[in-house]
Structure formats: C-alpha cells, structure tokens
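Peer 1: Starting from the given sequences, assemble the full structure and let the hints guide the process.
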Amino acid sequence: MINENYFLINVALLTVGTIIIRGSFISLAGKMTINHKVKDLFTYIPAAILPAIIIPATFYHQGQVEFLAGKERFIILLASFLFAYFVRNTLAIISFGLILLYLISSI
Amino acid sequence: MGFRSILPIISGIIPFGAVMGSAFAEAKLSFWQSMLMNTAVYAGAAQLATVDLMKVNAAMFVVVATGLIINLRFLLYSAAMSPYLKDSSFTVKFLTAFTLTDQSYAAMSANHDKIKTNAEATQFYLGTALCMVLTWHGSVIAGYAFGNFAPEALNLDYAIPLSFVALLMPTLKTNGHRAVALFSSVISLLFYGFPLKTGMIVTALISIALAWMIIQKKNLHD
Numbered sequence: 001m002i003n004e005n006y007f008l009i010n011v012a013l014l015t016v017g018t019i020i021i022r023g024s025f026i027s028l029a030g031k032m033t034i035n036h037k038v039k040d041l042f043t044y045i046p047a048a049i050l051p052a053i054i055i056p057a058t059f060y061h062q063g064q065v066e067f068l069a070g071k072e073r074f075i076i077l078l079a080s081f082l083f084a085y086f087v088r089n090t091l092a093i094i095s096f097g098l099i100l101l102y103l104i105s106s107i
Numbered sequence: 108m109g110f111r112s113i114l115p116i117i118s119g120i121i122p123f124g125a126v127m128g129s130a131f132a133e134a135k136l137s138f139w140q141s142m143l144m145n146t147a148v149y150a151g152a153a154q155l156a157t158v159d160l161m162k163v164n165a166a167m168f169v170v171v172a173t174g175l176i177i178n179l180r181f182l183l184y185s186a187a188m189s190p191y192l193k194d195s196s197f198t199v200k201f202l203t204a205f206t207l208t209d210q211s212y213a214a215m216s217a218n219h220d221k222i223k224t225n226a227e228a229t230q231f232y233l234g235t236a237l238c239m240v241l242t243w244h245g246s247v248i249a250g251y252a253f254g255n256f257a258p259e260a261l262n263l264d265y266a267i268p269l270s271f272v273a274l275l276m277p278t279l280k281t282n283g284h285r286a287v288a289l290f291s292s293v294i295s296l297l298f299y300g301f302p303l304k305t306g307m308i309v310t311a312l313i314s315i316a317l318a319w320m321i322i323q324k325k326n327l328h329d
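From first to last, the protein sequence lines stand for chains A and B. In terms of the numbering used here, the first sequence is residues 1 to 107. In terms of the numbering used here, the second sequence is residues 108 to 329.
Please note that a few of the clues may not be correct.
Cut-off 20 Å, straight-line C-alpha distance, at most; resulting in silico cross-link-like pairs (EDC-like, lysine to aspartate or glutamate) [claimed, not checked]:
#1 A:K71 x B:E259
#2 A:K71 x B:D264
#3 A:K31 x B:D194
#4 B:K162 x B:D264
Note that these hints are calculated values from the structure, not bench results. Computed from a predicted structure; not experimentally measured.
Peer 2: Here you go:
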C-alpha cells in the first residue's frame, strides 16, 4: 500500500518538473535559437533512457519456463525487438510479445 | 484535421493506457489518486516507472528523478514546437506544453509539410492533443477496471517493457543512436543493484554523456 502523503508529494513534484521540461522551450518561443548540437542530443534521449528501463525489468524477472532457465521474457523481448524493426505499430508489438509469452509459458 | 491525423497512431495508446490503468490498480491506488496522477503528470512512461518505484517505497528523490529523466525527451518536442508558438497567447502555449506527448509530436512531424501558417499548426496540434487526452484517459480507466480481475496467465505486466520497445524503435535512426541504446542496455544490467534503485538514473546519465561524445566526434568529422 502506498502512503498517501508520500504519493501526493511525489505526484506534485513530478507534475511541476514535467511541466517545466515540457514548457521550457515553448515558453521561450521566438526569444532564442537552440544550438544544433543540443538539438541533436535531444534525439538520443530515448536511446539512452528506455533500454535502462526495459532491459533490467525483463532480464531480472524470475520467469517460470524451466528449459529457458526462467529467462523466457528476455528471449521474447529480443524477438519483439526484431518484430518491432519491421512493424512500427505499438498494438501489434504488444500483442506479439504477450501472445508469444502466453504460448511459451503454456508449454 | 489534427484530430483525424492522429487516429492511426492512437491504436497503440489503448493497450499502453490499459497497462497504466492496471498498474494503478495493482499498486492499490484509489480511482481518484490514479486519475489525479494521470491528469496532472500526463506522461505514461514516467508514470509507469514511478508507480513501480512507489510500490517498493523507493526514496522520494529517486522516484522524482527517475520520472523527470524519462520525461527529458519532452525537451526535444518542446524545442520542435516552439517556432510555431512564437505569436501565441500564454493559454495556447500552456495547453501545448501540458499536452505534449510522443504521439502528438509524431503526428505533428509527419504532417508539418501540410501546415502553412503558425495558426494552422497550433490548431492542428491542439486537435491531436484533444484526441490523445480522450483516448489516454479512456484507456487508463478501462485498464483500471480490467486490471483488477485480469487473469495472471495473461502476463499483462509484461506489456510495459513491450510498449517501451514500441516507443524506442523509431528513435534508433543512426548507428550512433543504436550504439547508445546498446550501451545503455548493457550498463543497466551492471548498475541494477545500485543502492536506492539509482541504477536507472546513473545508466541514463552515463548514456547521455556517451551520446554527447558521439555528437562531438561527428561534428569534428563534418
């Protein structure tokens, strides 16, 4: 159970921080130009951050398929990456991964 | 026009929102707490990660820093939107900033050649944002209700990493981006055990530093 005050303070800080990030350049619209190197750096942010969430959450999950040493989610993740390379649709990627996981877990 | 143009992208939001709703329910947050966070923060990836941290009672600075680091990508969208908004009122600027999402940005960049004036751009963007807000909240509410009785065999929690894969893939445009993603993947495993769940923050900062080095090297060659 998450403590209510702890939850509310976290949400308040996240709200303020997120609106500052989102509003940063918009509030300065027309008043400044952004260095192209900084703009370029922004494009790397998803590549730097998202794997740091995806990989540990998958690799360190204690799975249940014995012949895959409980690492079925990691193998499915690799298959999903390959699938996502060809199919750029969130719904299709999620469905592919979940169906594959269901099938492997049912064996 | 904006509302209609984002419809093909929106199909991906429904399962993501459902996962978010089910994560709220799993964390035993009340409906109103869930709606408060969902409306005020309005950033799915950050919400998913921070609810997960709050469930294990992680230190407050870790929760907030993790959420904000994930949301750093909005800097890019904010920078991309700013030229369209130089003559807009505070209200329009605020609404645009508050509703900036991966999907609205994607719809804007896919259609920017069809937009002639800044006023058209703003109108287009607010159309995409309205569609996103309605779909996101609708799917989170559905996920909150469904998540309470979803069978465990469905492994719905695994949809979270999968939805991040879908977010990540279109951004890996160059070898530099792919190298940073691979580097981040490997070191995130090494830093996983860091105290206070700071592994993700450290990984993100080191990976951003690597990205900066790649950009500097590329600029030296150009």
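Peer 1: Could you run down the list of hints and mark each one as holding or not?
Peer 2: Verification of the supplied hints:
Distance check on the hinted pair: A:K71 and B:E259 sit about 18 Å apart at the alpha-carbon level, within 20 Å; holds. With a C-alpha separation of about 16 Å, the suggested pair A:K71 and B:D264 falls inside the 20 Å cut-off, and the hint holds. Distance restraint check for A:K31 and B:D194: the Cα-Cα separation of roughly 11 Å lies within the 20 Å cut-off, and the hinted pair is therefore satisfied. For the hint pairing B:K162 with B:D264, the CA-to-CA distance comes to about 14 Å; that is within 20 Å, so the pair holds.
The structure fails none of the hints (numbered hints given earlier).
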